[in-house]
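**Q** Residue numbers (my numbering), protein chains in the order written: chain C, 939 to 1354; chain S, 939 to 1354.
Misleading hints may appear alongside valid ones.
Below, a list of computed lysine-lysine pairs in the DSS-like style, where the Cα atoms sit at most 30 angstroms apart [stated by the list, open to error]:
id : chain 1 : residue 1 : chain 2 : residue 2
1  : C       : Lys1281   : S       : Lys1281
2  : C       : Lys1158   : S       : Lys1047
3  : C       : Lys1047   : S       : Lys1158
Since the hints were derived computationally from the structure, they do not count as laboratory data.
There are 2 protein chains.
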Amino acid sequence: MTFTTIVIGDELLIGQVADTNSGFFARHLAPYGWQARQVITVADNARQIEQALNQALEQTPVVLITGGLGPTKDDITKNTLCHFFGGTLRHDPETEANVRAIVAGRGLKLNEYTLSQAMVPTSCRVIQNRCGTAPIMWFERDGKVVVSMPGVPYEAETMFTAEVLPRLIRHFHRDMAIAFRHCVVVGIIESALAMRLDEFERNLPEHIHLAYLPQPGWIKLRLTGNHPDATALDAEMTHLNDVLHDLLGDLIVADNDLTLSAVVGEILRRRNLTLATAESCTGGNIAREITRIAGSSDYFIGSVVSYNRRVKESVLGVPAEIIDRENVVSEPVARLMAEGVAKYLNTDCAVATTGVAGPSGGTPDIPVGTVWIAARVGNRTITQCRHIPGHRERVIARATNDALLLLLNLLTHNDS
Amino acid sequence: MTFTTIVIGDELLIGQVADTNSGFFARHLAPYGWQARQVITVADNARQIEQALNQALEQTPVVLITGGLGPTKDDITKNTLCHFFGGTLRHDPETEANVRAIVAGRGLKLNEYTLSQAMVPTSCRVIQNRCGTAPIMWFERDGKVVVSMPGVPYEAETMFTAEVLPRLIRHFHRDMAIAFRHCVVVGIIESALAMRLDEFERNLPEHIHLAYLPQPGWIKLRLTGNHPDATALDAEMTHLNDVLHDLLGDLIVADNDLTLSAVVGEILRRRNLTLATAESCTGGNIAREITRIAGSSDYFIGSVVSYNRRVKESVLGVPAEIIDRENVVSEPVARLMAEGVAKYLNTDCAVATTGVAGPSGGTPDIPVGTVWIAARVGNRTITQCRHIPGHRERVIARATNDALLLLLNLLTHNDS
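One chain only, chain C, in its complex shape:
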């Protein structure tokens, strides 16, 4: 199955915000074998919306629309869709009730713009938006489906997952059950993993498929199965997942579809361990990645961002003479930062970074992009030096990823 996403909004075209909804839809439809054919981003403009819609319907059986539904957008998208699919606007009491509830819940007063959200095209089925005032509209024509959703990522993501995705799957895969198994693999490169799984993959039945989703330094594996008999499929998937675990042993560090910081978090939670970070060049970004995960307060104690050298000395206890002798960007300083923060915040585990994020501050010996990383679990600290090409933002992002990865490796392969 293929689909096109149309992203509507002046704010996207002028670069005020970046579209993340189209990627979200694609990631969540991919496991079902659905492929995004194109993303078209247009302004809040009737002619452009209609043109994009015509083009999208020519090329794919499903069109997902996001944005253009705010009460200040003069209802351009809604009127355009109403005109496109025929019929008129009608007042929908259920939508009005939802709009009133949402507005009241936010402690706001209802105005006529917001109330106009209760007018919906007669040609669509309405799905109530429990996160916002703009209703979701489901249109069908000649076996094709067009779904219009709000643009606010929180609303689009929540409602797509809860309502739109299940309906799309039911609509297009009526008599087929679909099942997944995910796992996260570290400590092996993709080509070596593929060799190890070569026979397993070749022996998979035709209705079950293994996908490699490589990330920087780790790999997510996904088994997808399609079968009319849901019970039989589930048993088969569970069996194959067990075989996969037997083949990969402790290379598998998590059984879910998680981000890196969530994988680390799950392990910490399971083993009842606590974590702190000591950050120089990453400037708080590791703590931020960890605390993006809901429930991270169960294992994350806190962080010392020691941007200034004197914080490394006075708070983390790195001796001044070691900084002078070894350089502030060095193996001993990273190691002592990790040990210092674990001691200071009294945690079982710690990660630390010290590096040159750039664009200035580099030297011939320690060029921009050099980052020393340390990870500590219990009494064991390991370190790693990374040379990361690219600009400041990329150095920070990659150093954050690699610090979490080093901790993950230490947590899962402690004896290696």
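Starting from the known structure of chain C, fit chain S onto it as the hints suggest.
**A** Okay, now just chain S, sitting in the frame of chain C:
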């Protein structure tokens, strides 16, 4: 002038990475009066690229292409462009020299895939890419311009700013000088600002335009002027900028085109002040925003992320009985966190946050989205309570913005 951006790459369509280049181009062309007409995202597929190109050239005189040029992409984009514009591929010695220099600079070995970057269409002018191996290709046909750039944001942003943007402006605004003045305004809402500048705006000459660029809680103003006489224009713009400053007084807190954390940073640097943050619900995100700015080590000392209650007590010195009595999410705790970190890290200024980012942890009295913020400059601390709707990521982002804004207000309107 209008333009279309074509974004090429399977990794974008599957949602592995989000496109930020099209927004970057739009933001940097907008000051010259250029408008993005559409963004089309397609796979690494010759037919789709050609179809997007035809469509783009029908609708706008300029087409910017980003992505699809990596050495592992089988040269699909390059071959498609070569076929589209006619001619053949030729070996370009200058590009080969650049490829060799880039590869050597990264300490890598040259392979034949990378070397194939030196083959370029005879129909284009080549612009050397000093950040990567893929050359930038400039095509012209019937007065229209198509520019193909790499997809890696670091390369695309650097080369667009340094080479492509100036050439586009020279090409399409041959005999016209363009000048800008920016300023950042806080402490007034947009409608009140517009009333205050009503007469100023009405009296502007036709070749000078004032733009409002509203941000959450602050406003950027941009004066743009076009005139054949660059010297006269510059004098006129300077005069109008002075008038604007007279009209707005100390509502203007910065004279450049900066982000919020950079505005704060400029003021701290100018006044020789140092800053620390104490973060609970923002989890390090404020420190991250501050340290994204190159040179922030001049004023940013560090941060204590006190995610766990005991860090608030032991490190920041918030008394346990106050947390027990007032709640951890409360005015006194935010205030004591800011005072504590300023004392502990010995800084002139501080910001602090404590709140409920969600999705769990809310109570009827303190629902999810409640954040107490404190800002401290010298001996003065001010606080603010915010109720932020939306999901966890949004609460963190908005609390970060509002904490920086509270500090900015205190720094600039200390007596109010």
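**Q** Would you mind marking each hint as holding or not holding in the structure?
**A** Going down the list of hints, with the structure as the test:
1. C:Lys1281 with S:Lys1281: With a Cα-Cα distance of about 21 angstroms, the restraint between C:Lys1281 and S:Lys1281 holds, given a limit of 30 angstroms.
2. C:Lys1158 with S:Lys1047: Within the cut-off at roughly 29 angstroms; holds.
3. C:Lys1047 with S:Lys1158: 29 angstroms, holds
Checked against the numbered hints listed earlier, the structure breaks none of them; every hint is satisfied.
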